[in-house]
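Chains A and B, in that order, are what the protein sequence lines are.
28 is the number that this note's numbering gives to position 47 of the first sequence; each next residue is one higher, with no gaps.
350 is the number that this note's numbering gives to position 369 of the second sequence; each next residue is one higher, with no gaps.
Derived from the structure by calculation, the hints contain no laboratory data.
From a predicted model like this one, the values you see are computed outputs, not experimental measurements.
Just so you know, not all the hints are guaranteed correct.
Heads up, the list lumps identical chains together, so a pair's fine if it works in one copy or across two of them.
[Said to hold, decoys possible] Using 20 Å as the maximum straight-line C-alpha spacing, the simulated DMTMM-like pairs for lysine to aspartate or glutamate come out as follows: (1) Lys156 to Asp174; (2) Lys256 to Asp19; (3) Lys228 to Asp201; (4) Lys330 to Glu45; (5) Lys199 to Asp221; (6) Lys326 to Asp15; (7) Lys32 to Glu230; (8) Lys52 to Glu64; (9) Lys162 to Glu138; (10) Lys330 to Glu18; (11) Lys52 to Glu128; (12) Lys321 to Asp12; (13) Lys32 to Glu48; (14) Lys321 to Glu230; (15) Lys228 to Asp189; (16) Lys153 to Glu77; (17) Lys168 to Glu128; (18) Lys321 to Asp9; (19) Lys192 to Asp225; (20) Lys168 to Asp19; (21) Lys100 to Asp70; (22) Lys228 to Glu191; (23) Lys390 to Glu18; (24) Lys(-4) to Glu247; (25) Lys334 to Glu230; (26) Lys321 to Glu18.
There are 2 protein chains.
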Amino acid sequence: MTQEISTLIENKDFKGLKTIFQDMLVPDIADALDSIEDPTTIMIVYRLLPKAISAEVFSYINPEAQETIVKSLNNTEISFIIEELATDDAVDFLEEMPANIVEKVLKGATPETRRTINKYLSYKEDTAGAIMTPEFVRLKLGTTVDEAFDHIRNQCEEAETINVLYVVDEKKVLKGVLTIKELLLAKKSQIVDEILTDNVVAATTDMDQEKIATIFSKYDFLALPVVDKENRIVGIVTVDDVIDVLKEETTEDFEKMAAIHTSDDEPYLKTSPFKLVARRFTWLGILLITGIFTSMLIEAYETTFASISALICLLPMLMGAGGNCGTQISTIVIRSLSLKEITFKDYFKVFFKEFFVSLMLGILLGIIAFIAVTIQHGSWLLGLAVALPLILVIFIADFLGFSLPLLAKKLKLDPALIATPILTTILDCCVVFVYFNFASWILTL
Amino acid sequence: MTQEISTLIENKDFKGLKTIFQDMLVPDIADALDSIEDPTTIMIVYRLLPKAISAEVFSYINPEAQETIVKSLNNTEISFIIEELATDDAVDFLEEMPANIVEKVLKGATPETRRTINKYLSYKEDTAGAIMTPEFVRLKLGTTVDEAFDHIRNQCEEAETINVLYVVDEKKVLKGVLTIKELLLAKKSQIVDEILTDNVVAATTDMDQEKIATIFSKYDFLALPVVDKENRIVGIVTVDDVIDVLKEETTEDFEKMAAIHTSDDEPYLKTSPFKLVARRFTWLGILLITGIFTSMLIEAYETTFASISALICLLPMLMGAGGNCGTQISTIVIRSLSLKEITFKDYFKVFFKEFFVSLMLGILLGIIAFIAVTIQHGSWLLGLAVALPLILVIFIADFLGFSLPLLAKKLKLDPALIATPILTTILDCCVVFVYFNFASWILTL
């Protein structure tokens, strides 16, 4: 498809493009636009789109292309787009734009739209307020099913979803929810009060988006109402936004665990090299300095071991084993924490389980190390001097690996931040200490 | 809530429990059941549930509780549950049960249900076939809008969703989709042929669930039809299942990157210690052995450096820096690959960007190392002997860090598997080689 479009663009076959767009879905048209690099061509192709879908296509394309397009549009055209966009899409778009573009766009909006957008822009990022949309169907208490259908038909075009309907009293306080299915099954003369579900799960405007994702995943919702302090409904979050949230939060966790300073979800290829250096340098620098301290610790022991050089050559192997083991269990615990499968209360359950697991792993790995070192150096005493501390190292690595994230959670810190980088540093020092003390005892140095 | 329920259970206040259940949402009731440990109590509480929701609650509770309940139910009760469950929930449940329970349950099902379930159980795990459900609303070509509504009202109870409706010809071949919104806006006398969207995105039964999640995320779908080779619709996948898929796939990626053998998504606390040891030992063992080889490589150089012991003490620092840098970039690339933000085609774009980024990072880290080592040992030559190889190490680490995952993707291997563990091992050897050769050249050893 993309190939076909590229050819049409190259040949300036605008008639052909118009025809092909008619058979394409909006996200696919957006993909095609995103793949064009030349700004003039982007504009030519964008202007070929049927007016009815142009605003929707706009909401799907990437911020760079959005900026290119907005720069070239006149005020009437901008005003058309901003009025057509769903509020949450408009807010997403404006959040990515530089100040002068935001100003230009808001000037083109009607006073009402401008007020709504400004309100939504003021909610803190990553909260329900920032990702909700005000386009939902509101029904008043006392409405009959028949009236409700008329109402839905009138609000359909605007609403983000009609699958869930929200019933409010005269003060806009949320009284219950109704699905379109329940409405279809009800008698036409019934009033909505009789068929609504009054046990409503709702978010507050300041609720964190991660928490919202958890609610969707638990209840299998398609939409979640967002209420203010007086329990008045101010917006809804829909499931498609939640999928984006899940992806965003996952990326953040991955980055934190890889010792990267998390960004505001810019795709890699769009991030400037300087930003990339900045995001990565902080942790690399800190870890380098702690690495230098570890080396000083090693040096303090080194003179004792000058006679048995093999000992120090095996140190990186022990550090590696400890680090790998710690990363494994901390990853398991961090992931379980974020899936709410475990909480700090389970600390002792984890402790007893890991006591066994780490001992088993330590003994198995110790046996391998013992055999390998004994064969390599022809000294079972040296084998023992590596294998025994290895068992202890695995035990400590495992213990720190589950304790640190759980403790972080308890202290309301981010477990993912505690993970790999910090853990590895603490571990490295422990390994040096345990290994050299153990070895000098076994080899009676 | 959970506290209140525990108290009611302790006091055997069954009337109170019945009352409280009436005001609770199904997933919350399931949570309450999941938190009970004693099998007899689980059964008592389960039997208190209103019959209308008991099957739904059953679909939400964890496999252990499901097993407990099924073991105690008689055939009529089991038959009730299995007939009430949506097919995808029934399949999910049976996939987790031991063979004797599956047999008992299938005996209780009607021949038709049994046939359907057996068919679904035969689809490969993690494919569209395995996660789809046959409970959707099918409309025939030529149906009028008015007839369609009657049809929906009749099929409502059974259907997993009525938000999207599927139009088929007499051979059940999928001809188009319709949303309930489009149907509500249409004239009653129109036929569905006129209002359907014929440009349908559909999955095949063998499509991987990760690919399905990508489709949902791209098109913001609520449901996706699944078709067989003749384009006949055989089921639908709904967005709530996709959220589960996203969580499952993320966990898998985390585990692979932490060198854990991935499991069939058992929660940590429910996994036996033996299984945990098995899942973690494989990679730890492999990495330990490669670590021993690295130590042999170090030893080959060690004799040359016996005179300057500081060099070998600084080796773990260099290994750490290289490992951290490689983990950072490989995490960025793997995540970007799984979000489809980059492909193998972008290799040279990444290359040129990272050429600059890694050089910058290397120089910055090199300066820190130079200053620290020079001060620590009072020798700028030694500082240089560490700083210069460090720059090269960062460069190599970065190069391998983005090349290996991209190459893996190109070779249709799993980039996440190539990540941290394998990368670190290759890197460790590179570091030893680069460091000692560089240092011996600078210090003219």
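Evaluated hints:
When the C-alpha separation of Lys156 and Asp174 is checked against a cutoff of 20 Å, the pair qualifies only within one copy, where the shortest distance is 9 Å, while the shortest distance between copies is 39 Å. In this assembly of identical chains, Lys256 and Asp19 lie within 20 Å of each other by CA distance neither inside one copy nor across copies; the values are 24 Å within and 55 Å between. In this assembly of identical chains, Lys228 and Asp201 lie within 20 Å of each other by CA distance both inside one copy and across copies; the values are 17 Å within and 14 Å between. For a Cα distance limit of 20 Å, the shortest separation of Lys330 from Glu45 across copies, 17 Å, qualifies, whereas the shortest one inside one copy, 50 Å, does not.
Taking the shortest alpha-carbon separations for Lys199 and Asp221, both the intra-copy value of 16 Å and the inter-copy value of 9 Å come in at or below 20 Å. Taking the closest pair of Cα atoms, Lys326 and Asp15 come within 20 Å of each other only across two copies (16 Å); inside a single copy the shortest separation is 48 Å, beyond that limit. With identical chains, the CA atoms of Lys32 and Glu230 are never at most 20 Å apart, being 35 Å at best within one copy and 39 Å at best between copies. Taking the shortest Cα distances, Lys52 and Glu64 sit within 20 Å of each other inside one copy (17 Å), while across copies they are farther apart (59 Å).
Proximity of Lys162 to Glu138 under the C-alpha cut-off of 20 Å is found in both arrangements, the shortest distances being 19 Å within a copy and 9 Å between copies. Taking CA atoms no more than 20 Å apart as the test, Lys330 paired with Glu18 passes between copies only; the shortest distance there is 14 Å, against 55 Å inside one copy. In this homomeric assembly, Lys52 and Glu128 never come within 20 Å of each other (Cα to Cα): the closest approach is 44 Å inside a single copy and 49 Å across copies. In this assembly of identical chains, Lys321 and Asp12 lie within 20 Å of each other by CA distance solely across copies; the values are 12 Å between and 36 Å within a copy.
In this assembly of identical chains, Lys32 and Glu48 lie within 20 Å of each other by CA distance solely inside one copy; the values are 19 Å within and 56 Å between copies. When the C-alpha separation of Lys321 and Glu230 is checked against a cutoff of 20 Å, the pair qualifies both within a copy, at 15 Å, and between copies, at 16 Å. In this assembly of identical chains, the alpha carbons of Lys228 and Asp189 lie at most 20 Å apart whether taken from the same copy (15 Å) or from different copies (18 Å). For a Cα distance limit of 20 Å, the shortest separation of Lys153 from Glu77 qualifies neither inside one copy, at 32 Å, nor across copies, at 45 Å.
Both within a single protomer and between protomers do Lys168 and Glu128 lie at most 20 Å apart by alpha-carbon distance, with minima of 12 Å and 17 Å respectively. With identical chains, the CA atoms of Lys321 and Asp9 are at most 20 Å apart between copies only, with a shortest distance of 14 Å across copies and 36 Å within one. In this assembly of identical chains, the alpha carbons of Lys192 and Asp225 lie at most 20 Å apart whether taken from the same copy (14 Å) or from different copies (16 Å). For the identical chains of this complex, Lys168 and Asp19 are neighbours neither inside a copy (57 Å) nor across copies (44 Å), given an alpha-carbon limit of 20 Å.
Proximity of Lys100 and Asp70 under a CA criterion of 20 Å is satisfied intra-copy only: 14 Å inside one chain copy versus 42 Å between copies. Within a single copy, Lys228 and Glu191 get their C-alpha atoms as close as 11 Å, and across copies as close as 13 Å, so both meet the 20 Å cut-off. In this assembly of identical chains, Lys390 and Glu18 lie within 20 Å of each other by CA distance neither inside one copy nor across copies; the values are 45 Å within and 25 Å between. For the identical chains of this complex, Lys(-4) and Glu247 are neighbours neither inside a copy (35 Å) nor across copies (55 Å), given an alpha-carbon limit of 20 Å.
For the identical chains of this complex, Lys334 and Glu230 are neighbours neither inside a copy (29 Å) nor across copies (25 Å), given an alpha-carbon limit of 20 Å. When the C-alpha separation of Lys321 and Glu18 is checked against a cutoff of 20 Å, the pair qualifies only between copies, where the shortest distance is 18 Å, while the shortest distance within a copy is 43 Å.
Comparing the model with each numbered hint stated earlier shows that hints 2, 7, 11, 16, 20, 23, 24 and 25 do not hold.
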